[in-house]
Each structure stands twice: as C-alpha cells, then as structure tokens.
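K.L.:
Take a look at the letters that make up each chain.
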Amino acid sequence: MADLVSHPDEVKVVSKRFGKGATNLDRYLELDGYKAVQKALGMQPDAIVNLVKDSGLRGRGGAGFNTGMKWSFVPKQSAKPKYILCNGDESEPGTCKDRLIFEHDPHSVIEGVVIAGIATGAHAGYVYIRGEYRYLLDIMQKAIKDAYARGFLGKNIFGSGYDFEVYWHGGAGAYEVGEESALMESLEGKRGIPRIRPPFPAVVGLWGGPTVINNAETLASVPHILLGGAEWFAKLGPPKNGGTRLFCLAGHVNRPGVYELPMGYNLKKMIYEVGGGISNGRKLKAVVPGGSSCPLLTADEIDVSMDFDSMMKAGSMLGSGGVVVVDDATCMVKFALRIMKFYQHESCGWCIPCREGTDWLKKTLTRFHHGGGVKKDIDNIQYLSENMLGRTFCPLGDAAAMPTISIVKKFRKEFEDHLEGKPCPFEKADVGEREPALA
Amino acid sequence: MRFSDQFEARFADMLTHYPTKRSVLVPTLLYAQDEVGYLSDDVIRELAQRLDLTELEVHNVISYYSMLTTKPRGKFNVQVCTNIACLLRGGEELLEHCERKLGIGNKGTTADGMFTLEEVECIGACSWAPAVQVNYDFHENLTAEKLDKVLDEYRKN
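Chains S and B supply the protein sequences, listed in that same order.
Going by the working numbering, 198 is the number at position 123 of the first sequence; the sequence numbering is gapless.
Going by the working numbering, 89 is the number at position 80 of the second sequence; the sequence numbering is gapless.
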C-alpha cells in the first residue's frame, strides 16, 4: 500500500524482503525464511542471548536499550509462564516504519518472537498491532496461520521438541499503549494505564509472568543477526550501535520515504542527499530527529551521526526513527502547540503532572499563538514543562516536555514575535506558499 | 444480540489465546463496533456478560481508546491526520476542505448518514503525508482534489 523508495546509500537488512512478496510463506522460505529459528533451536539459550548482546542491537522503539541485555534479565526459573510481546503499537508522530515491516515481511517478526522465546525459555508470544493498522493485523493473522499449518509454530516446532505459540492482538487507538507497561495492561483487556517499576516486565510482566517486550523492528532484526553473525551486524554501525535503522523521512523534504541506512548515518546527508533537500526551494529551520518526543535540532545542529550515543551527546535522542524536517516558513509556536495538543489528547490522566501539565501547556500555547500571550508565559511554558520531567509513571510526560523545552530555548525569538497581540508572523507572511508540498 | 458467524468463530478462537477471558476485550470491542456501527448498550451488555465483567468495566475500557465509540457514526468515518508530519504538508487545509465540502465540523455526521468527519492523531503515514483514513483504508499523498475523488468514490458505494 505505502510506496517504497530507495537510495544507493541504503543497507538493506530489515527491509531486504520489502516488495518481494515475502508475505507468501513459500516466497519467504526462498528468501532464507525460518532458517534463523532452526539455527536457534540448535543453540544453547545463553549463546543466543550473548550473540544478540554482542551484535549491539538496541531497542528500535526509541529507548535504545541493548536487546540481548534485556533478554538476560529474564529469570531462568519461573513459577509463572514467560512471554514474548512484540510491540507493534507504532504511534509516535513521525514514525511509519513498523507498518512496512508488517506489510512486507510479517514472518520475520514471527521468527524474531520465536527466537526471543527460545533464548529466554518462553513458550508463547503475542504480536500487538495498533487498531488503525487493521490491514496489517489481517496480514499477520494469515502469516501466523500459515506458519502453524507447516509446523513452524505450535507443538514440537520443526520437530525439535520445543513448543512455541504465537498469537496476534489488535489495539483500538491509544498512543500510550506503545509504552511497555501500558501495552501489557491493554493486552490484559484494560485501560492502558502504566505500571510502576520496579518490578520490571522481565521479572513481573503479562499476567505476572516474566515478559520480554521488544519493538517490531528490533525483533525483525534478530533473524538476520542469527544468520549473519554478531560481528557483521555490529560493524554495520558505530561501536555499541549495531545494525541499521529504518528512518522515516517526513515533512519538508523533496523525497520523503522510509530508508534503511546504517546506524550512525549523518543527519545532514540524510536530509540533503537521501531526502533530496528542502522542498519548495526553502531553507531548513529545524528537525525532529526521532519522533515527536525528541528535543528538536536547529539547522546548525544537524551535522551529527544518527546513532543512540551521538544523538544523546547532541542533546536529543535517536528515538523511533521518525525524522520530521521543518522549513523556515513554519511557525515554531504553532509547531509546539500541535505537539502539545497531541500529548494532551493522549495523556491517560493517571499522573497529575502529565494530565494537568499537558492541559495547561496546550491552553497557554493556544492563547499565545492566537496573539493573547504575555511575556511571562514564555518562561512559564518552560517552567511547567521542566516540572513534568521525571515525575510520571511512564515517559509520556517527558515526551511532552522535551520537545517543548527545546523549542522555547532554541526559538525564543519566535515566541517574542507573537507578543503584544501581534498576529502570527508566519501565517501572514506567505499564505500562497503554504499549499501542500507534493512531489 | 447476534453477531456474524465470522465474529463468533474469531471470538471463540481468541478465548483460547490467553489465560484470562478479559484479554480478548479490546480487539473484540473493535470487531463488534465494525459490525454494529457503534458500541450500543446491547453490545456492551452482551460482551460484559460473556467476559464476566460489569458493564461499567467495559465502559471504562471503551472511554480510554480513541477508535471506540458509543455513538453512531456515518457509514464512512473520514479521519484526517493533522499531527506534525501531516501538518507540514497540508493536513489542516485538508481538514478545512472536508468541513466545507461535507458541511460538518469535527466529529459531525452528514444528514444522509454517509460521512463522519474526525480530526485524528498520527496514523503512521508520515512519509506519505498528508494522509486520511476512511474507515480502515489509507489514502496518502493527498491534495484537496485527490481527496474529493476519494470521497466521491465512497459516496457511490
């Protein structure tokens, strides 16, 4: 459904079967499908965990935690059943990569789930897909059914004596459910309210059993690591940042699309060479480097390597791979308002700093953008945001605060330009050029 | 309360997927809504009974998820994304265009019951923005003209 793009700098690992008909199980098998699971079945669980650890694979959902390390936290012995949970509740604004994985290569996710299960001693896994992605849930249901029919799932998989069940699960519209503990609540049939940690899901997760929760892209990377080796995968990116990333280029670029680039690819190059530069002949103003919860970078800050550690050093985050490019005709007050409107809508209301903070910030930014701002609002916006940081059960409060703080700090003048009842300078400036920019 | 055979087969199958009955609730609510059009009192009562929950517990879950509704919608739910990636490429203008064309505001339904309009948060079409979802179908890289054609096609069905 969604158009595929390509660029010579791409290194296709997770996306190597995109557009090749791999939803069909026979085709998937021709393309090295289910070889990794069979290899894993012949390995010691600890060896699989170490292999994934050494590969430098880090969580593709945004947190960037070492995947093998996460698996190693699951206790060997457990009175309650252990589970693998694939997080396919992709909803971070700017992010549309897991969609392509489910659409083109659903079996790679299933394989990743099974391998994670073998490595941690689990015998069941769930693939949770957001409600809006109904067509992908249909694809996943068929893929699971086909895998069962061949004996790749269920009792005695591949005649190995190991049992593993994989089930699909659909959401019904909620950003917060992408947070691991809220995801488990949702799967258990409840409101997606976060749980306090510790205990972490690896110890107490779904129905109280130890649970590994990984993003869909993370799990889809795992079979490739099993077949290609830890060293190969690790060397695709800079130290401690193994592999590639599906970067979703969006916003004001000439060639938006999902590109698979090596971890550590230069952001400036990504925007100007891969993305073809800024659309409509305009200039760059800002970049959301990894989904709406990341602090924004200004045009002067983009000569940076896109890996987890370099982005932290640059004062932002690699996040979920959603790269949203913003041109110089965009009002940053309005942009901040739109981000806050989103978080206010998605806050579950469980933690007061997030519930009240996002609501007050949305109200203040709305008034401000419409010309009703006073000077002390600017500091208040920052102060309120800073007071949400680290004061909530889940990171939704942080996610709302971080981009807002960065926009106020880096684009303060634009806030000042809205003061004293002045209309938004950007909406008046070039109405004619605000038409949708389309290729 | 009768659902389709497909619904019943899927429901029975899903009950075997989890250690607790309640776990089937969220996806089941959405499948029920697809058949009935909205989550009516009858649907809520029926599912509460089947899953050993109170109706209040089911209501609590419904009110959390943005796709679930207890009010009838039009035959086609036109969901216009205006989140950041779509905003930058004309999502708001598309929403305004729909309001004018359909003569309704956000969450309104046309008098003939054909269309409901809804401003939605990120639907995962950022690299193909601006995007609109009509029921479950994605329509991407839109302009006002392209969207007009899309809506006219739905109107014919």
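No wet-lab data here; the hints were simulated from the structure.
Careful, some of the hints might be misleading.
In silico EDC-like cross-links for lysine to aspartate or glutamate, where the CA-CA straight-line distance does not exceed 16 Å [stated by the list, open to error]:
hint, chain 1, residue 1, chain 2, residue 2
1, S, K217, S, E240
2, S, K416, B, E149
3, S, K220, B, D22
4, B, K30, S, E263
5, S, K265, B, E101
6, S, K409, B, E66
7, B, K30, S, D378
8, S, K409, B, E102
9, S, K416, B, E128
10, S, K265, B, D22
11, S, K315, S, D384
12, S, K388, S, D378
13, S, K265, B, D161
14, S, K343, S, D375
15, S, K217, B, D61
K.L.:
Each of the hints needs a verdict: does it hold here or not?
P.N.:
Comparing the hints with the structure gives:
no.	hint	verdict
1	S:K217 <-> S:E240	15 Å, holds
2	S:K416 <-> B:E149	23 Å, violated
3	S:K220 <-> B:D22	12 Å, holds
4	B:K30 <-> S:E263	9 Å, holds
5	S:K265 <-> B:E101	33 Å, violated
6	S:K409 <-> B:E66	38 Å, violated
7	B:K30 <-> S:D378	52 Å, violated
8	S:K409 <-> B:E102	15 Å, holds
9	S:K416 <-> B:E128	12 Å, holds
10	S:K265 <-> B:D22	20 Å, violated
11	S:K315 <-> S:D384	8 Å, holds
12	S:K388 <-> S:D378	12 Å, holds
13	S:K265 <-> B:D161	39 Å, violated
14	S:K343 <-> S:D375	10 Å, holds
15	S:K217 <-> B:D61	30 Å, violated
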